[in-house]
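A.B. asks: Letter by letter, the chains look like this.
There are 2 protein chains.
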Amino acid sequence: MPKDKGKGQQLKNPKGTRDWSGDDVGLLDDILAQISTVFRKHGAKKLDTPVFELQDVLKGKYGEDSKLIYDIADQGGELLSLRYDLTVPFARWLAMNANIKSYKRFHIAKVYRRDQPAIAKGRMREFWQCDIDFAGPSDPMMMDSEVVATIVEVFEALEWHGQYTIKINDRRILDGMFEVCGVPADKTRSISSAVDKLDKMPWEEVRKEMVETKGLDGEIADRIEKYVTMKGGKGDSQSAVELLETLENDEKLMANDKAKEGITQFRTLMSYLKALKALDAISFDLSLARGLDYYTGIIYEVITEGSRPKHLTNSTKKESDDKKSEKKAKQVADEDEDRSNDPTVGVGSVAAGGRYDNLVGRFREKAEVPCVGVSFGVDRLFSITKSRIEQGQKFSYVTSQSPDVYVMAFGGKDFDGAPAERMEIATTLHNAGLSAEYTHKAKAKLPDQFKKAEQVGAPIAVILGQDEMKDGKVKIKVMGLTDESDPRKEGILIDMADLVTEVKKTLADIRDLPDVQKLDVK
Amino acid sequence: MPKDKGKGQQLKNPKGTRDWSGDDVGLLDDILAQISTVFRKHGAKKLDTPVFELQDVLKGKYGEDSKLIYDIADQGGELLSLRYDLTVPFARWLAMNANIKSYKRFHIAKVYRRDQPAIAKGRMREFWQCDIDFAGPSDPMMMDSEVVATIVEVFEALEWHGQYTIKINDRRILDGMFEVCGVPADKTRSISSAVDKLDKMPWEEVRKEMVETKGLDGEIADRIEKYVTMKGGKGDSQSAVELLETLENDEKLMANDKAKEGITQFRTLMSYLKALKALDAISFDLSLARGLDYYTGIIYEVITEGSRPKHLTNSTKKESDDKKSEKKAKQVADEDEDRSNDPTVGVGSVAAGGRYDNLVGRFREKAEVPCVGVSFGVDRLFSITKSRIEQGQKFSYVTSQSPDVYVMAFGGKDFDGAPAERMEIATTLHNAGLSAEYTHKAKAKLPDQFKKAEQVGAPIAVILGQDEMKDGKVKIKVMGLTDESDPRKEGILIDMADLVTEVKKTLADIRDLPDVQKLDVK
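As you go down the protein sequences, you meet chains A and B in turn.
Numbering of the first sequence is given in the UniProt record's numbering, commencing with residue 1 and proceeding in unit increments.
Numbering of the second sequence is given in the UniProt record's numbering, commencing with residue 1 and proceeding in unit increments.
Since the hints were made in silico from the structure, they are not lab data.
All values reported here derive from a predicted model rather than from experimental measurement.
Hints are not guaranteed to be accurate.
If several chains are the same, the list does not tell them apart, and a pair holds so long as it fits within one copy or across any two.
[What the hints assert, rightly or not] Okay, derived cross-link-like pairs now, EDC-like style, lysine to aspartate or glutamate, Cα gap no bigger than 16 angstroms in a straight line:
#1 Lys214 <-> Asp19
#2 Lys441 <-> Glu421
#3 Lys274 <-> Glu421
#4 Lys413 <-> Asp467
#5 Lys386 <-> Asp29
#6 Lys443 <-> Asp139
#7 Lys46 <-> Asp23
#8 Lys277 <-> Glu204
#9 Lys59 <-> Asp85
#10 Lys12 <-> Asp56
#11 Lys187 <-> Glu209
#12 Lys443 <-> Asp483
#13 Lys443 <-> Asp65
#14 Lys441 <-> Asp139
#15 Lys470 <-> Asp414
#16 Lys45 <-> Asp29
#17 Lys12 <-> Glu78
#18 Lys274 <-> Glu424
#19 Lys208 <-> Asp250
Turn these sequences into a full structure, and let the hints steer you where they fit.
C.D. replies: Structural data, given as structure tokens:
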């Protein structure tokens, strides 16, 4: 053993990272299992890429955010960086596999961003993403609508019934609208990213940014206002179809080719979303712009109760602008060091995505592999679900991590504790597909063994008595019973040969017993 | 869209890494699911740690191999490195959580080593590990034997029946034996690592290294030879118990405290392994030393057919020493650039581990958290299993990735292709727990839709006919039927309202049909 260099060192996780253990990792796994089941229902296949990519692969894909990329130290050899999202690795994979013209892939993995962490909000430097993307040719909105349908199916599978809204817009409508309003072509993206802030700040602030910081003509800004305050759908004062009709009747807008294409296809999208039972969940929102450069068509973002900062939530919506600005100032100041204990406040979107038709072509010339997809922010889904569980909500897909059986033994002073016999029983149960534990003391006191069985939450104890063992008998006891008259509380003596059958029967029985529900039986 | 910097760049994975996709990732997931099911049966809980750790955490833990650690570039802030294994992060986590005195954890994740890759052998720079470790107090061999039992249960779950051997030794026996032979204390570890090479080279070479390179007295080396050539158990000429008896009768060895403790506990281990149905899989092998510094008791390593380099496999065992040396020289030369197409040859061990009682104490003073565990080399398990499947072997746990249903439609020239109706049917099937796909063309030719259904391997087609649709009827067709008289080959017309029931019934039926087995139905 070399000299000890470890002592006295700082013992912690790297900034913005966490260990997942205990009930947390159990809930995380349950959430991921629900999501991947939905993905597989749509025929999506898993892809798993390396945690790092050649630096060239990531270069120039994330605009200003590139500064948040983690680089691997140059130790000789290739220059590498940790992945920043799962989209660019997918595009790189498609470009490398030119024979693949069409693919449905999902990917569940952690991504890395050297951002300022805000733990309570679920903003971490290492965090989970869960992506589904469809690549290949498609008639207008056929693929896009199916991706939106997976969003609805995921949130229904997570039992967030009604507690989410899919904000949808289209880059073509947005860009066409900017053209119609008179935004110069070279200002389109910067004005677009100003518009995207409307979920975080009031119009006055956004207008100020456009005019004062970005040098946009005030009149153009006012024309933009007319559009970007339009919403229709879930939670809005008009339906998505009504908003669509307003746009279809807007002659100036319909005279713009881009806008017209976007609006026409939006009509198709609506009919598909209706068939896919997804229409009720959407809000057509002309202020949605999304930050990333590479989107070329439909874009969307999923918000849930508490996704918006406090100053913009329903309860405070009608406050005066003064009050809003006050709150906003405070909110911005707190942004990077949020220590709020309510993880459902201001977490931002819980899923987002859109169509990106040109990304694969940036890796391989003449590669025409149009794509559309969505990414779920799993850490946020986790934080919100956990907080709802703590508030008493039940989710049927949350599984127990307790073993089925705890195997124990007791006897007199001359008793060896039957370690080998306990192992043999546990092995028999394992081979029958059951989970079983026993204490790692050769001879343990019975109360200590019961304590451990309770700690691990086993619903059944299999108890070896020194005397009964000799007759080939063993006792099956149901843990946590309160009914004194139930013989299973004391334990029922059975033949060792019937062990597996009896344990399985008892497990099946108690899953219907109301008074052992508290044991959280699988 | 910013200027395109991507084109013309090298399009590849970082050296020593791979993408997992298609059937490969399906098989990988099936293997991981088998392993984690075994782990959970023993009551182990998942732990997930960040991909990187503070550099201090890894420092001084891996001896010479530390040079293989990937560092993260210093971009300001903490100094970080990618994890090298899952054991040190577990020890760090235990040290950070001082309230946890006892824990069974498993961890499935990728680890990172800047080693020379040998793809065909499954030696990668990014590779999967699958670890189970028990931490906390235990009576002698109670925990150790349970970990060995998980190894047997994993390989049985993977259906490698009989095709693996668990080589076991104990550091205390090894160190005591070195003392008895007269190895100076400061040479123990270096002589130990020379002994560990006996699975790669013949004794003559190892002796040469001991005497010429490491300056050991030749007589001492000869005394060592007597011990390290002793084996007993699976595939050996004597049983493990017989070897144990030889050691128990070795007065010199039993006079050494360390050796005596190890040998006595080995007797206990054997009785436990018998109870755990694990005894037949082991070979007690005094030449097993394992490279890592931190082991303090039992150590083990799992080999499979082809684990040993060719010159040491059974078929060549009886060759003359000359021939052996010749082959050995060749084998060493090839070692770092093995391009063999047979992944079962010379992959090394497929799992390894042991007891390490002092590692947690290196992170936190006075932390007494003894541990014992095993790590499965998943990439190697994958390569070997895949190669066996290619050779025609069947594994019952390998699942299909095909959807249950392909939804299609056909009609006359005036038919719109029923995109919305296909979506509605797919959504109904999804909500009933089934997987279903449809083509992303609004109006597709029927032969094209059949081709896609075949490509994705759907066992059932749901077919919408333009005329039948009007009557609320839909056809269910079983794909891949050869029996012309079976009406399901042509398709059976049913009421739309009965769709889910009929599809589920048909799926259940065809899982028993021999002539659609080739469709690889789930």
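A.B. asks: Classify it for me, Lys187 with Glu209: is the Cα-Cα distance of at most 16 angstroms met within a copy, between copies, both or neither?
C.D. replies: within (13 angstroms within a copy, 72 angstroms between copies)
A.B. asks: Within a copy, between copies, both or neither: where do Lys386 and Asp29 come within 16 angstroms Cα-Cα?
C.D. replies: within (13 angstroms within a copy, 27 angstroms between copies)
A.B. asks: Tell me, please, which holds for Lys59 and Asp85 at an alpha-carbon limit of 16 angstroms: within, between, both or neither?
C.D. replies: within (13 angstroms within a copy, 29 angstroms between copies)
A.B. asks: Regarding Lys46 and Asp23, is the shortest C-alpha distance of 16 angstroms or less found within a copy, between copies, in both, or in neither?
C.D. replies: between (26 angstroms within a copy, 10 angstroms between copies)
A.B. asks: Is the C-alpha distance from Lys214 to Asp19 at most 16 angstroms within one copy, between copies, in both cases, or in neither?
C.D. replies: neither (43 angstroms within a copy, 43 angstroms between copies)
A.B. asks: Between the shortest in-copy and the shortest cross-copy C-alpha distance, which are at most 16 angstroms for Lys443 and Asp483: within, between, both, or neither?
C.D. replies: neither (30 angstroms within a copy, 65 angstroms between copies)
A.B. asks: As a check of your reading, is Lys441 near Glu421 (CA-CA no more than 16 angstroms) within one copy, between copies, both or neither?
C.D. replies: within (13 angstroms within a copy, 64 angstroms between copies)
A.B. asks: Since the copies are identical, ignore which copy is meant and state whether Lys45 and Asp29 lie within 16 angstroms (CA to CA) inside a copy, between copies, both or neither.
C.D. replies: between (18 angstroms within a copy, 12 angstroms between copies)
A.B. asks: Within a copy, between copies, both or neither: which one fits Lys443 and Asp65 at a CA-CA cutoff of 16 angstroms?
C.D. replies: Neither way: Lys443 and Asp65 sit 60 angstroms apart in one copy and 41 angstroms across, limit 16 angstroms.
A.B. asks: Between the shortest in-copy and the shortest cross-copy C-alpha distance, which are at most 16 angstroms for Lys274 and Glu421: within, between, both, or neither?
C.D. replies: between (62 angstroms within a copy, 10 angstroms between copies)
A.B. asks: Checking Lys12 and Glu78: alpha-carbon separation at most 16 angstroms within a copy, between copies, both or neither?
C.D. replies: between (30 angstroms within a copy, 11 angstroms between copies)
A.B. asks: If the cut is 16 angstroms between Cα atoms, do Lys441 and Asp139 qualify within a copy, between copies, both or neither?
C.D. replies: between (66 angstroms within a copy, 5 angstroms between copies)
Checked against the numbered hints given earlier, this structure breaks hints 1, 8, 12, 13, 19; the rest are met.
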